[in-house]
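Q: Chain order of the listed sequences is A and B. Each residue of the first sequence is one higher than the last, beginning at 1 in the numbering used here. Each residue of the second sequence is one higher than the last, beginning at 116 in the numbering used here.
Calculated directly from the structure, the hints in this document are not laboratory data. These figures come from a predicted structure and were not determined experimentally. In this text, a Cβ means the ideal position worked out from N, Cα and C, and glycines have one as well. Be a bit skeptical, because a hint or two may be false.
Computed far set for chain A versus chain B, every beta-carbon distance over 12 angstroms [to be verified]: (1) Gln6; (2) His10; (3) Gly14; (4) Lys18; (5) Lys22; (6) Gln37; (7) Pro69; (8) Glu84; (9) Leu88.
Heads up, simulated SDA-like pairs for lysine to any residue below, C-alpha to C-alpha not over 25 angstroms straight-line [to be verified]: (10) B:Lys214 - A:Tyr105; (11) A:Lys40 - A:Thr96; (12) A:Lys40 - A:Pro8; (13) A:Lys41 - B:Ser125.
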Amino acid sequence: ETGVTQTPRHLVMGMTNKKSLKCEQHLGHNAMYWYKQSAKKPLELMFVYSLEERVENNSVPSRFSPECPNSSHLFLHLHTLQPEDSALYLCASSPTTRTGGNEQYFGPGTRLTVT
Amino acid sequence: KNQVEQSPQSLIILEGKNCTLQCNYTVSPFSNLRWYKQDTGRGPVSLTIMTFSENTKSNGRYTATLDADTKQSSLHITASQLSDSASYICVVSGGTASKLTFGTGTRLQVTL
Chain A
1 ETGVTQTPRH
11 LVMGMTNKKS
21 LKCEQHLGHN
31 AMYWYKQSAK
41 KPLELMFVYS
51 LEERVENNSV
61 PSRFSPECPN
71 SSHLFLHLHT
81 LQPEDSALYL
91 CASSPTTRTG
101 GNEQYFGPGT
111 RLTVT
Chain B
116 KNQVEQSPQS
126 LIILEGKNCT
136 LQCNYTVSPF
146 SNLRWYKQDT
156 GRGPVSLTIM
166 TFSENTKSNG
176 RYTATLDADT
186 KQSSLHITAS
196 QLSDSASYIC
206 VVSGGTASKL
216 TFGTGTRLQV
226 TL
């Protein structure tokens with residue numbers, strides 16, 4: 001394991017459900033990220049948090065709502081999703097948000113299926 | 116527009132054979148380039164990182180090369196093993212505070 005855990009690993013939800021994805025990092029990092037990985041597409045950055053403050057929101061629909069209660073935990077709250085939201089959702093962390101020399105450590109992902 | 120293109124999209128090789136994966140990028144300014152390995156059902160794991168001044172870097176049977184002039188990188192895998200079956204993602208960083216630009220990956224399958 002890379003020190004970043006995600007739960008659940010698999011999630012099937014209907015379009016009217018509300019669910020949450022959880023990410024926890026044990027690396028003492030200050031930055032955390034949510035990515036969406038769809039088949040045959042590059043990873044899409046969704047949100048960036050630095051010291052619990054959201055520093056980036058890449059035009060993500062409001063049906064995705066992130067929460068970062070502390071620098072070790074990150075949540076992604078989901079509601080009224082669409083079938084095209086089915087994807088692998090990856091959480092990552094890094095020492096800071098500076099990309100030069102800063103490796104991002106990824107969790108195993110949550111495979112989300114919206115029915 | 117910053118882009119990272121990888122080829123081939125997928126590759127099947129016999130165990131023990133070598134292979135080379137390609138990455139072309141248009142990210143500017145350039146800071147560094149990473150190759151990640153992503154096993155099925157797992158998150159990506161970094162294999163190598165290369166800065167502007169580095170031409171080659173090895174990590175066991177993995178050797179990455181970088182030509183900053185032509186904006187090309189390659190990942191060479193020597194004596195492939197079944198455990199090398201995975202997606203390999205090229206990721207370019209364009210500055211100290213910029214976003215990472217990800218390629219779509221090459222899906223490698225090593226067979227007996």
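Q: Starting from the hint list further up, note which numbers the structure goes against and sort them upward.
A: 1, 2, 6, 9, 11
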